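Enquirer: Residue-level listing of the chains:
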Amino acid sequence: MEKICAEGLTFFGKTNRLISHELKNILAIISETLGLQDELMELSESGMGLTPERLRSMSDSIIEEVERANTVIRCMNTFAHSVDEFVREVDLNEAVSLAIQLVKLNPFSKTVKIEFLETGSRAIYTSPFFLEALLYHAIHFALSAAAADKHIKVSLLADSDGAGVEISGIAPNGFEAFPTKQTALLTKAVGAEISFDMSHGKFHFVLPQKITGTPAEALLVKQ
Amino acid sequence: MEEILKMKLLLVDDEEKFVSRLAERLELRGFEADWSTTSEDALAKVSAEKYDIAVLDVKMPTMSGIDLKNRIEKMAPGIKFIFVTGHGSEQDYDTVCREAVCCIIKPFKIEALVEKIEQALNI
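These protein sequences, in sequence, are chains W and D.
Residue 17 is where the first sequence starts when you use our numbering, and the numbers rise one by one after that.
Residue -15 is where the second sequence starts when you use our numbering, and the numbers rise one by one after that.
Bear in mind the hints are in silico, worked out from the structure with no lab data behind them.
Given the structure is predicted, the values throughout are model-derived calculations rather than measurements.
For every residue, glycine included, the Cβ atom is placed at its ideal position computed from N, Cα and C.
Where hints are given, some of them may not hold.
Said to hold, decoys possible - Derived DEER-like restraints, expressed as beta-carbon distance ranges:
(1) E134/W <-> A28/D: 24 to 32 Å
(2) R13/D <-> A22/W: 32 to 40 Å
(3) A28/D <-> T135/W: 42 to 50 Å
(4) T46/D <-> P188/W: 16 to 24 Å
(5) E16/D <-> E69/W: 35 to 43 Å
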């Protein structure tokens, strides 16, 4: 039980570091762009060319970075709210979308394409925080073990297969390190069952419709 | 200051807008500054040109700034390094600064980077 709590705290800290790092990158771009704009405008007062197009391009760039920062902060806010209620109804599409956004904050994720094949809404009653942690680690693993085409696909299981998530695009020898310590612990925490198909480079986990009787639920303080 | 302006810089960061604009601002100050957004391109540049200082981002997609530093050092012994990091904790700063004499945290004022360049060249 303590390991699950510790893993939760580690995940929370890591996610905040990723968000902080991304926001610092964005601030650095805005800072350099404004500094350059300022310096070029000074030069233009001495007759050296600063075209309106260049000025507009830099202004557009700042707007883009502000929007990028806003997206990151929205993501941070959604993640922060995942601990408002320890267990509640969770939309799997939303949970997967958030996990993908968080994984994409890792620099190495830029080298791999992540495609989320969204389907109809599917809800389960679970711990949003631990589910998020599981999805994050599962997708992170997939990116690190991606096959040569560097294309990971994430989708929800068909209704007939139960509530769950499938991730494909793993290299054949990628499963040597699977499940990771975090994935194994978090799978157990939310009462999921995980299975993998090495020959097709994919794995999936089936989630219980309700988290009743799982280690994560046991962490709830009884009223 | 005149001596410093003869130095050739290589800036490496995966954020193109950041690194290209930083290079341009350094050029406005009289430095000669090339830039790369990938470690592969940076290594290609180092093999083709002689640089005095490499300013490296710590966290990049395919190779860390520290690993890139080690590769560059083998190709160009004597080159000085400055690390740029987006991490703000004291621990992260200490970790990175063990690998390079100079490091600086984003976002920074360009004057602070120029000071770091002077510091790196005086070691």
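Enquirer: Confirm or reject each hint.
Expert: Now for the hints, and whether the structure bears them out:
no.	hint	in the structure
1	E134/W <-> A28/D: 24 to 32 Å	40 Å, violated
2	R13/D <-> A22/W: 32 to 40 Å	49 Å, violated
3	A28/D <-> T135/W: 42 to 50 Å	44 Å, holds
4	T46/D <-> P188/W: 16 to 24 Å	22 Å, holds
5	E16/D <-> E69/W: 35 to 43 Å	26 Å, violated
Hint compliance for this structure: hints 1, 2, 5 are not met, and every other hint is.
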